[in-house]
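S.K.: The residues making up each chain are set out below.
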Amino acid sequence: MKFYEEKELLVLADEAISFGAIDAGVKGVFGYPGTPSTEAFEGAEKIIHALNDGRIAHWAANEKCAYEMALGCSYAGGRALVTMKHVGLNVAMDPLVNSALTGIKGGLVLFVADDPSMHSSQNEQDSRCLADFASLVTLEPSTHQETYEFTIKAFELSEKLRLPVFLRLTTRLAHSRGIVKRVESLPVINLGRPSRIETHNWVLVPGYARERYNYLRQILPVLERAVESYNTLTFGSNRIGVVVAGMGRAYFDQLCRQNEVVRTFTRLDVKAYPLNHEFIEKMCAFCDVIYIFEEDYPYIEDMFIARKKSARIHGRRDKTIPISGELTPAKLRKTLNIECPEITHKIEVELPARPPRLCDGCGHADSFKAIKEAFLKMDIADFRVFGDIGCYTLGYEKPHECIHSTVAMGASVGMTFGAALAGMTPSVGVIGDSTFFHSGINSLLSYATAKVNANLIIFDNGTTGMTGQQRTIFGNDIVKAIEGLGIPKEQIHSMIPLPKYHDENVKKLMEVFKAERPDVIIFKRECVQAAKNRRSATK
Amino acid sequence: MDNVNISKPFSVIIAGVGGQGIVTLSQLVMSAAWKSGYYAIQSEVHGMSQRGGSVNAQILFDKFPVTSPTVLEGTAKLLIGMEPLESLRYFNLLEKNVSVICSSSPVRNMPIYPNVDRLLAEIKKIEDSLIVDTDKISEELGSKGAGNIVLLGAASKKLPFTNEIWYQTIKERFASKEQSIIDKNIEAFNYGRKL
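In order, the protein sequence lines correspond to chains A and B.
Each position in the first sequence, counted from 1, maps to that position plus 303 in this note's numbering.
With this note's numbering, the residue at position 167 of the second sequence is 147, and numbering never jumps.
For reference, chain A alone in the conformation it holds in the complex:
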């Protein structure tokens, strides 16, 4: 049996989404890599390649592009899945918020993976708040089977409500492997384009947009009712209540297996938003104390605090649970005053941390060495380099110590330019090729005609290394692309970051840094991991 025909699967929850989308008859899958969301796209891509039945899997240049492609696919009548991580959603917010006004044709499901405890992210933002902000519905599973089933239901819900639907996972579920039983796979669905009468919904000029906006705000009760059946309030014999969502629900269910008392609690299981206020009011009327276990922000908790009457609400706001960081089985126990098992094996040696590092033979290390030396030879000891997001973020650490900021995808390009305008000279930034095409390229347009000493260094390794070597959306000739933006040829410099060219590269960098004009330097060398994969694939 082929892997995509198996009826029972042992998969990551991310991949449960891949299979859910395929079984829902998805036409197009779009996304931008970002831990812990990447495998949802990759899983679907693998099946789509194997099926070869006209479906599409397309990595876009960034999350906004991916979202817009999904919206286009939906407009054409096909079901569309778009995948990204939580911070990627910020990039996609513009089309996302407005697509709540245009509505959709083919079901549109947005899978967003949040990363509490920031295992591989720069913040802990909660996508439920952004779904709320856009007035959209969110489904939040807590097991692998639910993840699969909710993916299929999300497409149905999207078409029923004619709105995009969020599917929210957090790291622990996204990156855990569990069992999924599949249902019968649907054929690829085509609902056709929006009708002639509907077309003005898609033109958000004020006259039509006001109408659409009013409609969206008016249907909020409809959205609540549409997902009401996902959420369940179970009265227990106990006036202690728990509200559980996502991993909070997974950990609480596990705890129920081992502890009889918690089984008697009154519980509200939240699997979908917006949460109907009636649940909250009923629970607050019955319970004296309510504990809230949800990942990231105290989102449900704040709704309870607003309507609590005499019930005492314990969660992140009153510091019963730390305000940041993911939930753990131990945190649930501590909150509920349940004893944790004794830790018997204490160790008497100190364990130094093992920080992640650049791979042996990575070109980034040679690039950093050259940049640092160029600054030092120019007698700039306290030099500053704007960094970006990718493997090269590790350039902040020893032994490189060569970048000094990491803010958002593409931020180095704008920050380098802004600092140059403010008088920093030379102003230097470092960015990888995938991140450059993600959202750095827009800021580079400002360099073309400027007269400031802004120097952008692009580490071109032809891949998105950090997330597992996805191909960069752009082809090979990055120099031509930059020329095309209007940067004069003599201000574009290609170098190869190999030890044998080190002295030459340092000399060239010094010349460039000294020149009071914008320059773009391209350090081109293949990612060592990508090279390894390429060699084993051609074996």
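Please keep in mind that the hints were generated in silico from the structure rather than gathered at the bench.
Please note that the accuracy of each hint is not assured.
What the hints assert, rightly or not - The list that follows gives simulated cross-link-like pairs (lysine to aspartate or glutamate, DMTMM-like), each with its CA atoms no further than 25 Å apart: (1) B:LYS105 to B:GLU120; (2) A:LYS622 to B:ASP163; (3) A:LYS835 to B:ASP115; (4) B:LYS15 to A:GLU311; (5) A:LYS810 to A:GLU676; (6) A:LYS622 to A:ASP556; (7) A:LYS803 to A:GLU814; (8) B:LYS157 to A:GLU309; (9) B:LYS15 to B:GLU144; (10) A:LYS811 to A:GLU676; (11) B:LYS15 to A:GLU308; (12) B:LYS104 to A:GLU653; (13) B:LYS76 to A:GLU645; (14) A:LYS810 to A:ASP682; (15) B:LYS43 to A:ASP556; (16) A:LYS310 to A:ASP356; (17) B:LYS76 to B:GLU53; (18) B:LYS104 to A:GLU814; (19) B:LYS(-12) to A:ASP572; (20) A:LYS463 to A:ASP397; (21) B:LYS105 to A:ASP591; (22) A:LYS310 to B:GLU144; (23) B:LYS105 to B:ASP163; (24) A:LYS675 to A:ASP685; (25) A:LYS835 to A:ASP780; (26) A:LYS634 to B:GLU53; (27) A:LYS754 to A:GLU793; (28) B:LYS116 to A:ASP663; (29) B:LYS(-12) to A:GLU642; (30) B:LYS15 to A:ASP556; (31) A:LYS637 to A:ASP663; (32) A:LYS835 to B:GLU119; (33) B:LYS157 to A:GLU308; (34) B:LYS138 to A:ASP780; (35) B:LYS157 to A:ASP556; (36) A:LYS701 to A:GLU676; (37) B:LYS105 to A:GLU676; (38) B:LYS43 to A:GLU642; (39) A:LYS649 to B:GLU53; (40) A:LYS622 to A:GLU653.
Here the structure of chain A is known, so what remains is to put chain B in place on it, guided by the hints.
M.R.: Below, chain B without anything else, positioned relative to chain A:
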């Protein structure tokens, strides 16, 4: 061998460094649990871990549905350590009567690596511990990657799955490879099983 406690899942920790093959090993344990009819769940850490940092995988299986992919401190019954320092990093997760199978070969991709003998002495404080010289055995078996499967073979004695299930799991995992690679892995597994 039926040492799955009715009141809590059987928890396994696999510890090591990014690139050592932790995910593969944990998938083998997970598959074997699944094939043996258990409910199973396994968590793994991706992302920064690809860059040679600390990595751990956790597998929980039970006769009843398991919903938590995360092991509670003080409850892991088995630790498979692919590297001494990383094995010690998760000692807070281990229960009193834990079994530990650990490689003695350090991965020194860091500025200062502690004294290996001290680390191993610390691991040996666990009554049911077995230190395996995976470098030496890999050389003996003539295969660089054999060490992991040898560890798995040694660990398999602590897990309630039959040899048939293990062989089937290994064969399926390496099905896309040549027969000689499957044979080598079975040989490494049997070697570990005898330790």
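S.K.: A separate judgement is required for each hint: does it hold in the structure or not?
M.R.: Verification of the supplied hints:
Of the pairs offered as hints, the one joining LYS105 (chain B) and GLU120 (chain B) is violated, with about 28 Å between alpha carbons and a cut-off of 25 Å exceeded. At roughly 56 Å between alpha-carbon atoms, LYS622 (chain A) and ASP163 (chain B) are farther apart than 25 Å, so this suggested pair is violated. Between LYS835 (chain A) and ASP115 (chain B), the direct Cα distance comes to roughly 23 Å. Compliance with the 25 Å bound is thereby established for this hinted pair. Between LYS15 (chain B) and GLU311 (chain A) the CA atoms are separated by roughly 11 Å; this keeps the pair inside 25 Å, and the hint holds.
About 9 Å separates the Cα atoms of LYS810 (chain A) and GLU676 (chain A), which keeps this hinted pair within 25 Å; it holds. Between the alpha carbons of LYS622 (chain A) and ASP556 (chain A) the distance comes to roughly 23 Å, so the proposed pair stays at or under 25 Å and holds. Restraint check: the Cα-Cα separation between LYS803 (chain A) and GLU814 (chain A) comes to about 19 Å, which is no more than 25 Å; the hinted pair holds. As the CA atoms of LYS157 (chain B) and GLU309 (chain A) are separated by approximately 21 Å, the hinted pair is consistent with the 25 Å bound.
Proximity of LYS15 (chain B) to GLU144 (chain B) is assessed by CA-CA distance (about 10 Å); at most 25 Å being required, the pair is judged to hold. Only pairs whose Cα atoms come within 25 Å are accepted, and LYS811 (chain A) paired with GLU676 (chain A) is accepted, the gap being roughly 11 Å. Restraint check: the Cα-Cα separation between LYS15 (chain B) and GLU308 (chain A) comes to about 18 Å, which is no more than 25 Å; the hinted pair holds. For the proposed pair LYS104 (chain B) and GLU653 (chain A), the alpha carbon gap of about 16 Å is at most 25 Å, so the pair holds.
With a C-alpha separation of about 8 Å, the suggested pair LYS76 (chain B) and GLU645 (chain A) falls inside the 25 Å cut-off, and the hint holds. For the proposed pair LYS810 (chain A) and ASP682 (chain A), the alpha carbon gap of about 14 Å is at most 25 Å, so the pair holds. Taking the CA atoms of LYS43 (chain B) and ASP556 (chain A), the gap is near 15 Å; set against the 25 Å cutoff, the hint holds. At roughly 20 Å between alpha-carbon atoms, LYS310 (chain A) and ASP356 (chain A) fall within 25 Å of each other, so this suggested pair holds.
Note on LYS76 (chain B) and GLU53 (chain B): the hinted pairing holds, with a Cα-Cα distance of about 11 Å set against a maximum of 25 Å. With a C-alpha separation of about 59 Å, the suggested pairing of LYS104 (chain B) with GLU814 (chain A) is violated against the 25 Å cut-off. For the hint pairing LYS(-12) (chain B) with ASP572 (chain A), the CA-to-CA distance comes to about 23 Å; that is within 25 Å, so the pair holds. Distance restraint check for LYS463 (chain A) and ASP397 (chain A): the Cα-Cα separation of roughly 23 Å lies within the 25 Å cut-off, and the hinted pair is therefore satisfied.
With a CA separation close to 48 Å, the supplied pair LYS105 (chain B) and ASP591 (chain A) exceeds the 25 Å bound. Using a Cα cut-off of 25 Å, the hinted pair LYS310 (chain A) and GLU144 (chain B) holds, with the two alpha carbons roughly 23 Å apart. For the suggested pair LYS105 (chain B) and ASP163 (chain B), the alpha carbons sit about 35 Å apart, so the restraint of at most 25 Å is broken. Of the supplied pair hints, the one linking LYS675 (chain A) and ASP685 (chain A) holds, its CA atoms being roughly 10 Å apart against a limit of 25 Å.
A C-alpha spacing of about 22 Å is found between LYS835 (chain A) and ASP780 (chain A), which places the hinted pair at or below 25 Å, so the restraint holds. Under the criterion of a C-alpha separation no larger than 25 Å, the hint pairing LYS634 (chain A) with GLU53 (chain B) is consistent with the structure, at around 11 Å. Between LYS754 (chain A) and GLU793 (chain A) the CA atoms are separated by roughly 14 Å; this keeps the pair inside 25 Å, and the hint holds. Proposed proximity of LYS116 (chain B) and ASP663 (chain A) is supported: the alpha carbons are some 24 Å apart, at most 25 Å.
With a CA separation close to 15 Å, the supplied pair LYS(-12) (chain B) and GLU642 (chain A) stays within the 25 Å bound. Distance restraint check for LYS15 (chain B) and ASP556 (chain A): the Cα-Cα separation of roughly 24 Å lies within the 25 Å cut-off, and the hinted pair is therefore satisfied. With a C-alpha separation of about 43 Å, the suggested pairing of LYS637 (chain A) with ASP663 (chain A) is violated against the 25 Å cut-off. In summary, the hint linking LYS835 (chain A) to GLU119 (chain B) is supported, as the alpha carbons are separated by about 23 Å, within the 25 Å threshold.
Between LYS157 (chain B) and GLU308 (chain A) the alpha-carbon distance is near 21 Å, which keeps this suggested pair within the 25 Å criterion. Proximity of LYS138 (chain B) to ASP780 (chain A) is assessed by CA-CA distance (about 55 Å); at most 25 Å being required, the pair is judged violated. Taking the CA atoms of LYS157 (chain B) and ASP556 (chain A), the gap is near 40 Å; set against the 25 Å cutoff, the hint is violated. Restraint check: the Cα-Cα separation between LYS701 (chain A) and GLU676 (chain A) comes to about 15 Å, which is no more than 25 Å; the hinted pair holds.
At roughly 49 Å between alpha-carbon atoms, LYS105 (chain B) and GLU676 (chain A) are farther apart than 25 Å, so this suggested pair is violated. Annotation: proposed proximity of LYS43 (chain B) to GLU642 (chain A) holds, straight-line Cα distance about 24 Å (limit 25 Å). Between the alpha carbons of LYS649 (chain A) and GLU53 (chain B) the distance comes to roughly 12 Å, so the proposed pair stays at or under 25 Å and holds. Pair hint LYS622 (chain A) plus GLU653 (chain A) does not hold up; C-alpha atoms about 31 Å apart against a cutoff of 25 Å.
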